[in-house]
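Let the sequences and hints guide you as you build the complete structure.
Residue numbers (the working numbering), protein chains in the order written: chain A, 15 to 184; chain B, 13 to 416; chain C, 14 to 166.
Simulated from the structure, these hints should not be mistaken for laboratory data. There's no promise every hint is true.
What the hints assert, rightly or not - With a straight-line cut-off of 27 Å between C-alpha atoms, the simulated DSSO-like cross-links for lysine-lysine are: (1) C:K30 <-> B:K254; (2) A:K33 <-> A:K45; (3) B:K117 <-> B:K326; (4) C:K63 <-> B:K77; (5) B:K259 <-> C:K46; (6) B:K254 <-> C:K43; (7) C:K140 <-> B:K63; (8) B:K86 <-> C:K152; (9) C:K147 <-> B:K77; (10) B:K117 <-> C:K30; (11) B:K86 <-> B:K259; (12) C:K46 <-> B:K254; (13) B:K77 <-> C:K140; (14) C:K147 <-> B:K86; (15) B:K259 <-> C:K30; (16) B:K77 <-> C:K46; (17) C:K63 <-> C:K140; (18) B:K77 <-> C:K66; (19) B:K77 <-> C:K30.
What you are looking at is a predicted structure, and each value in this text was computed from that prediction instead of being measured.
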Amino acid sequence: MSDQEGSFYLGDLETVTKKAMDYLKSKKPLKSLIEWGTTYSLWPAYLVTACCGTELAAASGPRFDLERLGFLSYGNPRQSNLVLIDGTLTIKMSKVVRGVWEQMPEPKWVIAMGACVLDGGIFWNSYSTVLARDVLPIDVYVPGCPPRPEALAESVMILKKKIKGEPIET
Amino acid sequence: MASPTVLPMTYEALSQVSQEEGLIELQVGPAHAGSGHMRILVWVEGDTVVKVDPDVGFVHRGVEKLSEGRLYVKAVPMVERPSLVDTVNANLAYVEAVEALAGIKPPPRASYVRVITAEISRIISHLYGIAIFGIFLGTSTVFMWALADREPFIDLLEEMTGARVTCSHIIPGGVRWELPADFGDRIETALRYLENRFNEYEKLWVKNPVVVARTQGVGRLSREDAIRLGVVGPNLRASGVKRDIRKDRPYEVYDQLDFDVPVRHEGDCYARLLIRIDEMRESMKIIRQAMKQIPDGKIVYDDYYNKMSPLFKKIYDEGRVKITQSLTSLAPPPGEAVSLVEGGRGEMFYYLVSDGTRFPYRFRSVTPSYRNLPFFTHVMPGQKLADVPAIYGSIDYFPPEADR
Amino acid sequence: MRPLADTVSIDEKVGLKVSCSPEKLLVVAKALKEAGFDHVVSVTGVDWPKQGKLDAVWHLSSYSDEELAGGIAQLSCYLSRENPTVPSLATVWESATFQEREAFEMFGIEFQGHPDLRQLFLPEELKGVWPLRKDFELKKRRDEFWRPRRFFQ
Chain A
15 MSDQEGSFYL GDLETVTKKA MDYLKSKKPL KSLIEWGTTY SLWPAYLVTA CCGTELAAAS
75 GPRFDLERLG FLSYGNPRQS NLVLIDGTLT IKMSKVVRGV WEQMPEPKWV IAMGACVLDG
135 GIFWNSYSTV LARDVLPIDV YVPGCPPRPE ALAESVMILK KKIKGEPIET
Chain B
13 MASPTVLPMT YEALSQVSQE EGLIELQVGP AHAGSGHMRI LVWVEGDTVV KVDPDVGFVH
73 RGVEKLSEGR LYVKAVPMVE RPSLVDTVNA NLAYVEAVEA LAGIKPPPRA SYVRVITAEI
133 SRIISHLYGI AIFGIFLGTS TVFMWALADR EPFIDLLEEM TGARVTCSHI IPGGVRWELP
193 ADFGDRIETA LRYLENRFNE YEKLWVKNPV VVARTQGVGR LSREDAIRLG VVGPNLRASG
253 VKRDIRKDRP YEVYDQLDFD VPVRHEGDCY ARLLIRIDEM RESMKIIRQA MKQIPDGKIV
313 YDDYYNKMSP LFKKIYDEGR VKITQSLTSL APPPGEAVSL VEGGRGEMFY YLVSDGTRFP
373 YRFRSVTPSY RNLPFFTHVM PGQKLADVPA IYGSIDYFPP EADR
Chain C
14 MRPLADTVSI DEKVGLKVSC SPEKLLVVAK ALKEAGFDHV VSVTGVDWPK QGKLDAVWHL
74 SSYSDEELAG GIAQLSCYLS RENPTVPSLA TVWESATFQE REAFEMFGIE FQGHPDLRQL
134 FLPEELKGVW PLRKDFELKK RRDEFWRPRR FFQ
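Structure below.
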């Protein structure tokens, strides 16, 4: 199969269809459709790490509703595409978080909440905490101790811009 | 990827047949719905739970060791962060111990402000407990309602201090912020709103036949067991033991306020739910009395006020207290002190040892969720597996508080 | 009132303070239980490296007794730092089981007769490190975090 730009795809049927699919997905109408679908259905795996989890719960409440942004907390990590690390990661919990992250299929993103993931927070010199960036690759950081629910909503908007590839001002 | 002791899964995970008598070991893993980050290893035979082993420590940050390197005043945020839903009571417990060590007494107006904010914090904590109980039983309606009903009270604290939950406004010797001018009207509006909401809760949640069927008779804890295991808080009062630190060992101005201590005798999950609603009504009574009885005066003790510079005194007149050198160089005489405070979930205990320097020598804190741990090993065996979430939700266990 | 223990005193900040040596600990504990203290509030230790000793401290309180309700009794026991072993009071008061596990993993105090002495909060990597002793130093700079290289690279 060849197209206007003059490239040939040779090979067996499977590789050819995969290459064709990748090419089509990078073209405008299909790409926007896929991004629109993804950004409005970021489902986090249910992982509450530490004390920032109460502000995550408050953000899911009716006042700062995150569900209007497409943010439905889902139980099974195999069907979610976002991990929210809220709070301090300890040695025991970091293994759990890594395991959950590796169970999730691509594409997946990570939002890290709180001052404890930035640089340790107020527990920086503890004997059992781990910096989050040693464990997972992080996309968006949200500062605060604990961050306000509106800050969490803004971080979701920033992640959407990042997925679409638009420039971000923070 | 993972060492054999950790299997990160949601809900009930891989089951493996263990060597003992055909029991199956399941893990209600660290990533699960509701307040997560705690693992329960459950051994079942058929459908009945035989043995339970809680695996805690996923949020252990070592608050006790970290506080030994911080000044007495700077350890206040350290104390608040574990029990994040009930911060004012934790703050108050620590500051009581420091004041006992240093021999400082706060002025009466500061005591009343502390009591008012502590009772607001208790209401916030009980509403969060009800929300999590709802999530554990599977409904999200009560979760949304209870989280929405917390917001008026969080707004009150935010108007006074500027922070939503971690207020840090109690310092040794007084409080840091003055009550705003329209606080009386706003709090009356919030209390009346909550009273109307209680009628809705009764209709939907308390008299709901599904809830009654799932919680009545489930997870019964008898009076002797409650005393023997040392459980605290509303879980204790739901089993028939009338014990409330605010009455037995009064601190601040609780001996001048008039309120009851609700007690129930059944000891099951339903009683634990009802007693939290009763306690919220008592808190509302306390807040109303305290707002009437509050005297005028200073909000920090006189010695501290006299040592402030004129600029800080001008800031004080606007309603804020700056932390001056007399607090950062607070060095109590060598000795020990103990403080007990009734938080929303139970008794908070602090034991401080000082050796004359500006840093605590030994900082020991026992939080109510830590003392409620025997619930897992003694109440859950014998119940059906499907009752495990109902029991877990009814004891209002908050893992960061237990692990500190 | 208490000829068994070494020192008994009433302190206004703490309450009833009793201290004794490890041999007499079980006898004193049973006497306190008869007197009405029926549960344990806290089990911990205090490390005095300059004086070369480690205290194990139990705080007790009472639910069923009306006069003692709200009161705290402190029972402490001086141990050596090299070999801190003390009989476990989990047989006397069942509410001490979880707290003694924590005191074991933080200080290294070995409780003899405890039904199930193992780590409670700390992971298996930190066993043998007694974090709350005074000779364990916290990290001073921000970049000395525990690097989980063994697992994730």
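Here is how each hint holds up against the structure:
no.	hint	verdict
1	C:K30 <-> B:K254	holds (26 Å)
2	A:K33 <-> A:K45	holds (15 Å)
3	B:K117 <-> B:K326	holds (23 Å)
4	C:K63 <-> B:K77	holds (18 Å)
5	B:K259 <-> C:K46	holds (23 Å)
6	B:K254 <-> C:K43	holds (25 Å)
7	C:K140 <-> B:K63	holds (25 Å)
8	B:K86 <-> C:K152	holds (18 Å)
9	C:K147 <-> B:K77	holds (9 Å)
10	B:K117 <-> C:K30	holds (24 Å)
11	B:K86 <-> B:K259	violated (30 Å)
12	C:K46 <-> B:K254	holds (20 Å)
13	B:K77 <-> C:K140	holds (16 Å)
14	C:K147 <-> B:K86	holds (20 Å)
15	B:K259 <-> C:K30	holds (23 Å)
16	B:K77 <-> C:K46	violated (31 Å)
17	C:K63 <-> C:K140	holds (25 Å)
18	B:K77 <-> C:K66	holds (19 Å)
19	B:K77 <-> C:K30	holds (25 Å)
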